[in-house]
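If you read the protein sequences in the order shown, they are chains A and B.
The opening residue of the first sequence carries number 1 in my numbering; numbering runs sequentially from there.
The opening residue of the second sequence carries number 1001 in my numbering; numbering runs sequentially from there.
Worth flagging that the hints you see were computed from the coordinates, not collected in a lab.
Some hints could be false.
What the hints assert, rightly or not - Under the rule of at most 30 Å between Cα atoms (straight-line distance), these lysine-lysine pairs were calculated in the DSBU-like manner:
| no. | chain 1 | residue 1 | chain 2 | residue 2 |
| --- | --- | --- | --- | --- |
| 1 | B | LYS1070 | B | LYS1123 |
| 2 | B | LYS1136 | B | LYS1123 |
| 3 | A | LYS46 | B | LYS1123 |
| 4 | B | LYS1076 | B | LYS1025 |
| 5 | B | LYS1076 | B | LYS1123 |
| 6 | B | LYS1025 | A | LYS46 |
| 7 | B | LYS1123 | B | LYS1106 |
| 8 | A | LYS81 | B | LYS1123 |
| 9 | B | LYS1136 | A | LYS81 |
| 10 | B | LYS1106 | B | LYS1076 |
| 11 | B | LYS1025 | B | LYS1123 |
| 12 | A | LYS81 | A | LYS46 |
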Amino acid sequence: MRTTSCTEHRLFALLAACLLVVCAQAQQAHAFGLLPSVNVVRELPKDWSLNGRVEARERLLEEGWAPRHVLTDLGLLGARKLGIGTTVTAGYQLRLARGEQAHRTLQQLAVVRRLARFRLAHRVATDQTWTGREPVVLRVRYRISAEVPLTGTTVDPNEGYLKLNNEYLAVAQDEERGGEVRLAVFLGRVLRPGRKLELGLEHRAFTSSVTTPVHRTWLGVNYYVSF
Amino acid sequence: MPGMFRINLLLLSVGMAWQLPAQFKYEHEERMAAEAVPGTARAVVEMLELQGRVRWYREQGYDRTSIEAKVRHRGKRYSIEFDAGGRLEDVEVEVSQRTVPVVVWKRISALLTDSLGRYRVQKLQERYTGRPEAVKRHLHGQHSEDVLAGYELMVSAREEGAYVLFEYEFTADGAFVRRDRVVLHHADHIMY
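If we strip away everything but chain A, and leave its shape as in the complex, we get (with noise of 0.2 Å):
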């Protein structure tokens, strides 16, 4: 009889492969890195909660083994149910880059449903990124989500489940227009009440009317806390 340390090793041990593959190809085509972050959630009372997030992204794999720190960001948001399921949010994301600030404010509305066997979520979003040099940079985007338990219809604590993400995003910069589609697997596992941890894989292929279209394939490590 398998069990569900199994089918984590199997899916790991797939991701593992999923890897060297991208690892591979980023050599010759795209480029390749990690993208870790930490997500805190405070929960307050009358359903408001307050969301702090930082996320880093580091370069590994373009043309070469060439790794360098890309970029940081710090966020701030509040947010506040608007049902069981539906939660609107809005806030404020510093990123650090090159030596230099980029403002962001961001405004989304999730909805998550309980299907029979998985949870679905619909994140619609935009925000708005100031550097005080350039054009306001706006985005629009969705994104829908699937959190699919890897034991019974729901993942308790000690327990591992399947993230499935797919996001649109339309972007705008004065006169340019672009796009980006993104696609991301991950394994996570829920260590105890309000601790999870998840690793996968996210690629981003962008494109644009000045530009050709960019592959980028991520390596992502999340840390979610909530209290």
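Knowing the structure of chain A, use the given hints to seat chain B on it.
Coordinates of chain B only, in the frame set by chain A:
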């Protein structure tokens, strides 16, 4: 038992019309292979002749263990629950509000409004109990009121300024049986 995890049971006094004590509903569910299911339970599920793939789960509640078979049959989701020894406890099927008799629904909704004010029904299930043969006849169209045990609802509402989820149980004629508060799982990893 591997993967077992305890939480403390809390009794809440709900400051509403009923002053109703609500327990937290706790269930830990894990898939189990059909080979590990007691033969009596497998025999009942086979006898019910429900189409669709059967998935077996072991459910650990705060004070009991049960075995559940979940199957989709003719577009509806069925949960067939057995005790740890494989004896049939009940069959639950997701239904829409339209299938509940008007008089019964009026009674249920009046009780919910009285207790919660504004509410939203997230899920509604009919519960059947009785001899497996009688339940089978009912599920395959030979309706019998004798097997209808009642209704189970998942209801969301606001309590002290926050959205909460309750599981309610009513009898077949709409009388209140029990209410449990459902522990919600964090969704930060799919929201942010």
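Quick rundown of the hints versus the structure:
| no. | hint | result |
| --- | --- | --- |
| 1 | B/LYS1070 <-> B/LYS1123 | holds (16 Å) |
| 2 | B/LYS1136 <-> B/LYS1123 | holds (23 Å) |
| 3 | A/LYS46 <-> B/LYS1123 | holds (24 Å) |
| 4 | B/LYS1076 <-> B/LYS1025 | holds (24 Å) |
| 5 | B/LYS1076 <-> B/LYS1123 | holds (13 Å) |
| 6 | B/LYS1025 <-> A/LYS46 | holds (22 Å) |
| 7 | B/LYS1123 <-> B/LYS1106 | holds (17 Å) |
| 8 | A/LYS81 <-> B/LYS1123 | holds (20 Å) |
| 9 | B/LYS1136 <-> A/LYS81 | violated (42 Å) |
| 10 | B/LYS1106 <-> B/LYS1076 | holds (24 Å) |
| 11 | B/LYS1025 <-> B/LYS1123 | holds (16 Å) |
| 12 | A/LYS81 <-> A/LYS46 | holds (9 Å) |
In summary, the structure is inconsistent with hint 9 from the numbered list given earlier, while agreeing with all the others.
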